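First to last, the protein sequences are chains Y and A.
FYI, the numbering for the first sequence is 1 to 348, going by my numbering.
FYI, the numbering for the second sequence is 1 to 348, going by my numbering.
Incorrect hints may appear among the rest.
Pairs count within a copy or across copies, as identical chains cannot be separated in the list.
Result set (BS3-like, lysine-lysine): computed pairs, CA atoms no more than 27 Å apart in a straight line [said to hold, decoys possible]:
{"hint": "1", "residue 1": "41", "residue 2": "338"}
{"hint": "2", "residue 1": "185", "residue 2": "308"}
{"hint": "3", "residue 1": "207", "residue 2": "305"}
{"hint": "4", "residue 1": "24", "residue 2": "279"}
Since the hints were derived computationally from the structure, they do not count as laboratory data.
As the structure is a prediction and not an experimental result, all values here were calculated from the model.
Number of protein chains: 2
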Amino acid sequence: MAVQTIRWTGNAVRIIDQTRLPNKLVYINCRDVDTLWHAIKELKVRGAPALGVAAAYGVLLGLKDFKGSSSAQLVGRVCEVCDYIGKSRPTAVNLFNSLSQMQALALNNVDKPVAILKAVLWAEANAIYEEDRAVCRAMGKHGATLIKNGMTVMTVCNAGGLATADYGTALGVMYAAKEAGKKFKVYALETRPLLQGARLTAWELMKNKIDVTLICDNMAATVMKTKGVDIIFTGADRIASNGDAANKIGTYMLAVLAQHHGVPFYVVAPKTTFDLKIKTGKEIPIEERKPEEVTSFGLRPTAPKGVKVFNPAFDVTPSGLMSGIVTEYGIIRAPYVKNIHKVLLYDA
Amino acid sequence: MAVQTIRWTGNAVRIIDQTRLPNKLVYINCRDVDTLWHAIKELKVRGAPALGVAAAYGVLLGLKDFKGSSSAQLVGRVCEVCDYIGKSRPTAVNLFNSLSQMQALALNNVDKPVAILKAVLWAEANAIYEEDRAVCRAMGKHGATLIKNGMTVMTVCNAGGLATADYGTALGVMYAAKEAGKKFKVYALETRPLLQGARLTAWELMKNKIDVTLICDNMAATVMKTKGVDIIFTGADRIASNGDAANKIGTYMLAVLAQHHGVPFYVVAPKTTFDLKIKTGKEIPIEERKPEEVTSFGLRPTAPKGVKVFNPAFDVTPSGLMSGIVTEYGIIRAPYVKNIHKVLLYDA
C-alpha cells in the first residue's frame, strides 16, 4: 500500500517530486536546507505530516556542513535552521511542532559533546519519521471502523501516503478498511487550483486498487444529492484547542455541504497536527499563494491578464460541522475542548 | 457594455468563438447547420439565451440551400433541421423553445407561398434575437434594484453578454446597476471544468470596468465566511414549474452555501428559460460531458490515465434555496408554483 514519500538517505532528504505526478514518478534528493526549503515552498513535498518529517530531516541537512567544535555553536545552528525552515509555509503546524521538538532537544542537550548531540538529533528526526508511520496506521485502524461495506466515501485534496511518511491520514483510513476486506467506492475532489485530488489522490487510490471517481470541486454537492455519499474523510493542517481545523481550501465548503445533506464528516489527523496554544480556528494563519496558480495552467493563461485573484491555500472548518476527529488515540467527538484535552493531554 | 455574441449576417450565423477567450477575440461564421451544431456542442457558443438565438438562426441556415418549390417541403425541412439542432445539447430549454416556436410558425403557415414562409421564419428568428436583447435589459433593470452601493456580489459561470445576444442575465443585472451609478465588487467563481467564470465572466466584467476578483469554486464558502458576500446572482438553463432551476454545475453548491451563510440567492432568467411542461427539477435532463474536460488541460493530462470521472455539466437548485427569480416581468418570489404561473401565464 505504502509509497515512499520521504526518507533520509544519510546524506540527503529523498522525496517524491509531487508536482510531477501523476505523469512521472520522480525522486529528488535535497542535499541542503535551501533545496528542501524550496521543495516545501513549491509543494514538491506537501501534506502536514510529511512537512513535519521534512522539517526534522531539514535540521539534519543544516548540520551536515557544521564545522564548529562547540555544542553551543551547534545549538545555534539548529536554531538558525529551524528559523529558516519555519518561514517556508505558515499553516501546517506539524512543521512547527517538529522544529520545536528538534530545537528543544538541542537546547536540552547543549551540555553533551558535539558528536553525541548530532546523534541525538539524528535519532529524534528518525523517531519523528517512524512515529508518523506508526501513527498513520493507528489512525487508519480507528477510522476504518467507520467504513461499512458498500459505502460511498468522499475526500478532498490528498491526505494520503503522499501527505505523510508513507501511509496517509484520510486515505490511511481507506487503506485500513480495504485491508480489513471492506468494499467501498470513493469520490475524490480534484482540489483546485493545484489539483492534488486529481493528480495525487486518484493516483494513490488507483495504485492501491480502490474504486475512485474523480469530480471537480463544484460537483460535490450534486454528488451528495443525486448519488448519495455515506461519509467524508479529510486531513488537516492545524487543529485548534476547540477542534476547528485548517485544511486545504474547499474543506470548509465540503463540511457545510455535508451538514446540509446529513453526511457524517470526519477529520483524520495525528496529535502533531493539534495546536493547543490557540483557542479557535480564527488564530490559524492562512497562507495565500500567488495568483498564477489560478490564472494559468503551466504557461497558458486561463483568465484575463491582470485580473484580481484571491487564492487562499486553506480554509478553516468549525468543529461544530464535524462528526469527529480520528486520531491515533481513537475518535474524538464533541464536546471538543474537553475531549481534545482529555485525549491528547491525559489531564481530564 | 454590450458584446456582439451572435448575429445573423444574412448568410451565416456569426459568433464569438468563446473557447478562444480570454486570449483571443475571434469571430467565426457558421455558414451551415452542421458547423453551427458543432459550435454548440463544443461550447463555442453557449449560455441558454444565446442558444435560443442560435437555434432560431440555425433554422434559417437550414433553409439556405432549400431548392424545393412547395411550402410543405419547406416545412418538412424546418422539422428536420429542428430535430437535428435539438440533439446538440439537452439541458438549456431556450434552445428547444426556439425550435418549437420556429417549427410551429412553419406549420401554421404551410399554406403560404415558399417565399412568404421563408420571410416569416426570417422575421421570427430576428424577433427572437431582438427580444433577447430587450428582455435582458428589462431583467437588468429589475435585478439592479437588489444591488445597493458598496455591496459584494458573487456569480458563477458566465451569465453575461456572452451567454445571450449581447447583454446578459446575471451580469446584465450588474451592468444595469453600474449604469445606475452604483458601486459594488464582484467575486467570480472560475467554474470548472471549462473555466467560463475565469475566461468569460472575468473578461466581460473587466471590459466593463466592474471590480472583479477571481476565485476557484472551492473558495466560495470561505469568501462568504471571511470576506462577506451580500448577494448572489446566477443564470439558469431550465426552470421547472415549481422554480427548481438547472444551471451550470456548482450553482446548487453555491445555493446551499448561500443558505448556510444567510446570503440572498437570485436566479436571473427570461420567460424562455422556463419549462412549464415539467413540474420539478427532477425532470430536467442533465448533460454529462466527456471525462477529458476534467482529466486534462489542452493536451496535458492532469489525472492518472484511465481514472473514472463523473462530469455533469449542470446541477439543479431547488427553488426553496432561492430568494427569488428575476425575470423581464419582475422578481418572482415564493410561493413559486403560484407566482410563476401568475407572472408568466397571466392566469391567476
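Hints and how they fare:
1. 41 x 338: neither (35 Å within a copy, 56 Å between copies)
2. 185 x 308: Only across copies: residue 185 and residue 308 sit 11 Å apart there, 38 Å inside one copy, limit 27 Å.
3. 207 x 305: Between copies only: 12 Å across, 39 Å inside.
4. 24 x 279: neither (42 Å within a copy, 50 Å between copies)
Checked against the numbered hints given earlier, this structure breaks hints 1, 4; the rest are met.
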